[in-house]
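K.L.:
If you read the sequences in order, they're chains A and B.
If you're matching positions, the first sequence starts at 1 in our numbering and goes up one per residue.
If you're matching positions, the second sequence starts at 1001 in our numbering and goes up one per residue.
Hints listed in this document are in silico derivations from the structure and should not be mistaken for laboratory results.
It should be emphasised that the depicted structure is a prediction, and the values quoted were computed from it without experimental measurement.
Be careful, since some hints might not be right.
To be verified - Stretch-level coverage of chain B by chain A, calculated; a stretch enters the list once three of its residues show a Cβ under 8 Å from a Cβ in chain A: (1) 1010 to 1023; (2) 1209 to 1221.
Stated by the list, open to error - Away from chain A, derived, C-beta distances all over 10 Å, residues of chain B: (3) T1041; (4) G1094; (5) I1301.
Yeah, the Cβ is synthetic: ideal placement off N, Cα and C, and Gly gets one too.
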Amino acid sequence: MADFSKISPFQVDPSAIEEAVTFSPEDFEPASEGEKESMVEKRKSVSYWKDAARRFKANHVSMVALFIFILVLIFAFIGPKLIPYSYGDQYRSSQKLGPREFSEGEALIAKASSYFDGFYATALQPGSITAVMKGEQYVTKSGKTYAFTQEKNEEGVIIGFEKSSGNLVKVYEKDIDPATGAVKNATVLAEAPSEPAEGASELKLVKRVFPHMFGTDSVGRDLMARTMYGARVSILIGIMAALIVLIIGSIYGAISGLSGGTVDFIMMRIVELIYSIPEVLIVLLLQVVLREPLQEWIDHSGSSLAHAAGALGSGIICIFITFALLYWVTMARIVRGQVLQLRKQEYVTAAIALGAGNKRIIRRHLLPNCVGALVITTCLQIPSAIFLESFLSFLGLGVSAPMASLGSLCSDALQTITLYPYRLIYPAVILTIIVLTLNLVGDGLRDALDPRLKK
Amino acid sequence: MVSYTLKRVGAALLTLLLIMAITFFLMNAIPGSPFLTEKSTPQQIALANAKYGLDKPLIVQLKNYVVNYLKGDLGTSLKMQEGTPVKDIIFHQGKFVLSIKLGLISLAVAIIIGIPLGCIAAYNRGTWLDGFLRVMTTVGVAIPGFVLATLLLATFAVKLHILPTNSGQLTDWKSYIMPIISMSFYYVCYVAKLTRTSMLDAINQDYIRTARAKGVKTKMIVLKHALRNSLIPVITYLGPVTAGIITGSFVVESTFQIPGLGKYYVQCVMSRDYPVIMATTVVLSALVIFMNLVVDIAYKIVDPRITLTNKEA
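Bound-form chain A, shown alone (with noise of 0.2 Å):
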């Protein structure tokens, strides 16, 4: 092997180099296996990612709090499917029940449903609020139709499959007896499958009587729904204004940081200045400011913008408004110190010697370095835009009926407190889980992407 260490550099031996620089044939043997070996990489080199997903997956608080988070997501988005009640409709018979109650009609309807194999009741569930109305109409049931004709509409009415005979049977609520729940009167509708005619329409059989599980409001509202409506409202409010937050904070930050001199002087400045209004005071003003000419824009400008913001309402818009007004400065100084920070940083200065243009820079040393920052102050606005969403909200000022917030839902019960306190305990412990959970997961997200903020 060659082996330049023989040579000083304070002593010039031509002979010495001469011996050093001559090659023996061994040197161009191929490398042996063990040789190979040491060249081989040992283990997998950890991404920044990887690395985070780990340290997140070892903090069991925040493990719990996203496990909890996932479940009322799952409550809020995908719980309204699976309850027969929808957040807007109003149940005339069902007026201020408890939890788990049932109204009288349901009541009865549960107790005849061992009657029935597969009913459908006119005075609740999919068909409740209408009645039966007059025409074709057929059921189907395991793959077979059964078509029957209904003279007019027809109130406390329930049809269904009579378990004895099997046979499509139509029961008025009259005939049910409300203590043992025995049927009389049965009329046969239709006794085998049959063609439904042109243009009939389908009822949708159920199974049973679902109860309210948090009870009703004073106009039959299904407070459950109407719960898990309104968890939706908040989180999708939250996640909004908290996007909203991160692009202008994120632009007007790095602008500023990577600026500097006097046009970060004036933008930091200003952004001294918003940062001392009291917020508060301005965001219940621009709520009664913006309400009106917001509501007249949304009727008037026919607009597809204007079409989406009518289906959120005016309130929502009006928060919207004022985090993008408002609430930024904060993600701005954080996104500003990291990009000064990072600046200075060696290996940026080595990518300006090397000649990598800003673009460069800003995409391969900047955006990546500050990703964490980003995600941690994102992820701990959610809370707080919840927080002012339900604080407006309960104020009587954010989403507006027959809408829910958690919010609102807490202030509508607060009217009715003396006599049904149980309707405010619902949304207040899900608006309390929800900002707990969501603190708790960012503090678990800061320890994991950015450790040296830990303390």
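Starting from the structure of chain A, add chain B where the hints point.
P.N.:
Same frame as chain A, but now just chain B:
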């Protein structure tokens, strides 16, 4: 120090001016006139506009408004209590005193209970007590104030009948309990969390080790060395606390039916009584800005290192 103070005062005044301008333009952006009722004719509205100077150009109105405020004239109410000077409504009808009383007690509770709790947690780090306090403070900062207020109301006033549902003028000690708890609980928890963290930071400092090496008793170390130095972050937090307590007063005063400034503000925002809204916004903002100013200056006095360390950050 003097130039720093002057700079801060200047910034505070600028912020206040900005807030006045914002409220002014926002109020003017509201469509419709405050005098518009079912019965009023266009002439009547024009007359009323002229009477209150609402027919002049906006910039002149803004100037008049600022000048009048500097003179201490906050205008007169247009709706809620027609013709009454706003200054009387805010300061002489007991609203301001009521709110300030509540706010100051809540602030005091936040400090007096929050800081010792944080110290206890840090002192007993790793024990069940620390764990318990940690759970309590974490949950505490996640409960929105109005939820706590309504839950308290449901439990103690409606179910158990121990405390009154209507706190009214706060004449009796019982009526203070629930409003104060709902306003200060969040801040007690936050201050406790903050104190614990900065206490633990301080405990690892060299001067603590030196004190220990010299044989100073643990209690003395905690009280004299660690606590004093760990209070600095707590002081900075007092500015935001003031703002938060004002926000809290909106909810708490509405929930417990206390006729204070917070409840009144929400009412006049809803009824669009412009002069009252403007005056209340400015008074409350001034309060918050003043508190922030005091905190900033106090911060600098307590910790002279601030300027050195803050230059880079």
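K.L.:
Next step is simple, just say for each hint if it's right about the structure.
P.N.:
So, going through the hints one by one against the coordinates:
no. : hint         : result
1   : 1010 to 1023 : holds (count 8)
2   : 1209 to 1221 : violated (count 0)
3   : T1041        : holds (22 Å)
4   : G1094        : holds (21 Å)
5   : I1301        : holds (20 Å)
When the structure is compared with the earlier hints, a violation turns up for hint 2 alone.
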